[in-house]
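Novice: Sequence:
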Amino acid sequence: MDNQKPLFLQLNRQEQKQALEAIIFASDEVLSNKMLYQMLISQDWGAEEKASAEKNLGQETLASVDVNDAEKLFEALIEEINSELAESGRPYQIIQIAGGWQFATRQEYGELILRLYKNKAKRRLSNASLETLAIIAYKQPISKPEIEKIRGVNSNEIVNSLLDKGLIKIVGRSDALGKPLVYGTTEEFLRTFGLYSLEELPKLRELEDMSAMDEDSNKTFEIIVDELTIDWI
25 MDNQKPLFLQ LNRQEQKQAL EAIIFASDEV LSNKMLYQML ISQDWGAEEK
75 ASAEKNLGQE TLASVDVNDA EKLFEALIEE INSELAESGR PYQIIQIAGG
125 WQFATRQEYG ELILRLYKNK AKRRLSNASL ETLAIIAYKQ PISKPEIEKI
175 RGVNSNEIVN SLLDKGLIKI VGRSDALGKP LVYGTTEEFL RTFGLYSLEE
225 LPKLRELEDM SAMDEDSNKT FEIIVDELTI DWI
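When we follow our numbering, the leftmost residue of the sequence shown carries the number 25, and every step to the right adds one.
It is worth saying that the hints were derived from the structure and are not from the lab. Don't be surprised by glycine CBs; every beta carbon is placed ideally from N, CA and C. Hints may contain errors.
[Said to hold, decoys possible] The calculated DMTMM-like cross-link candidates involving lysine to aspartate or glutamate, where the alpha carbons are at most 20 Å apart (straight line), are: (1) K29 - E95; (2) K29 - E108; (3) K58 - E108; (4) K163 - E211; (5) K189 - D90; (6) K58 - E99; (7) K29 - D93; (8) K41 - E135; (9) K203 - E223; (10) K41 - E132; (11) K163 - D93; (12) K58 - D90; (13) K163 - D90; (14) K29 - E39; (15) K168 - E181; (16) K189 - D199; (17) K193 - E99; (18) K96 - D52; (19) K189 - D52; (20) K189 - E211; (21) K96 - E45; (22) K189 - E212.
[Unchecked claim] Across the chosen pairs, the derived CB separations fall in these ranges: (23) S66 - V195: 44 to 54 Å; (24) D52 - E104: 17 to 27 Å; (25) G176 - D90: 15 to 25 Å.
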């Protein structure tokens, strides 16, 4: 083995897949390519070893631990892992979600998972909470007064509940009178609703001036809530 390389890069292809699969499986959080690089390669290579390599090794060797090359390696390994899981008939796979990687059950088992989690999900978020969350997701950054103008009711308790659940966060202050706090969604929101990024939010229609809440816009919110929760519950 080449002692100048991080241990992960000294493993053969099958061992690399096993190590990568194990760390993603064991993690309670979504792991990004950057996090995988830091755990499997960057931290494994001590400062003295890295300095020695930079001094003594050529660019071609150094490129083998470049973060971009490592990310391509991770993606290729995960693709191979998923192919092997599919070939062996496993009901789960590694998916991209919330900017990283996580194990998830395959789509064809969605109905079974739906039965398992439906009641639990309904208990977790009320319709009012889902409506408020949809408003924040589509209009972020948005202040509490703006949310309440759209909903037509006081939303203080609901916003605080969403903060406690980690689905939204404070992202700054508005330039409006009094400079109220403004809110946005979190990575936990993406993970909970099975989204890789906000770009994957259901594009049912352009949410035009939602401050003019009429009958049609109320129907729009009902559709949005259904779309947001269909995969989750």
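Novice: List, from low to high, the hint numbers that the structure doesn't satisfy.
Specialist: Checked against the structure, the hints that fail are numbers 2, 3, 5, 8, 9, 10, 11, 13, 16, 17, 18, 23, 25, while the rest are satisfied.
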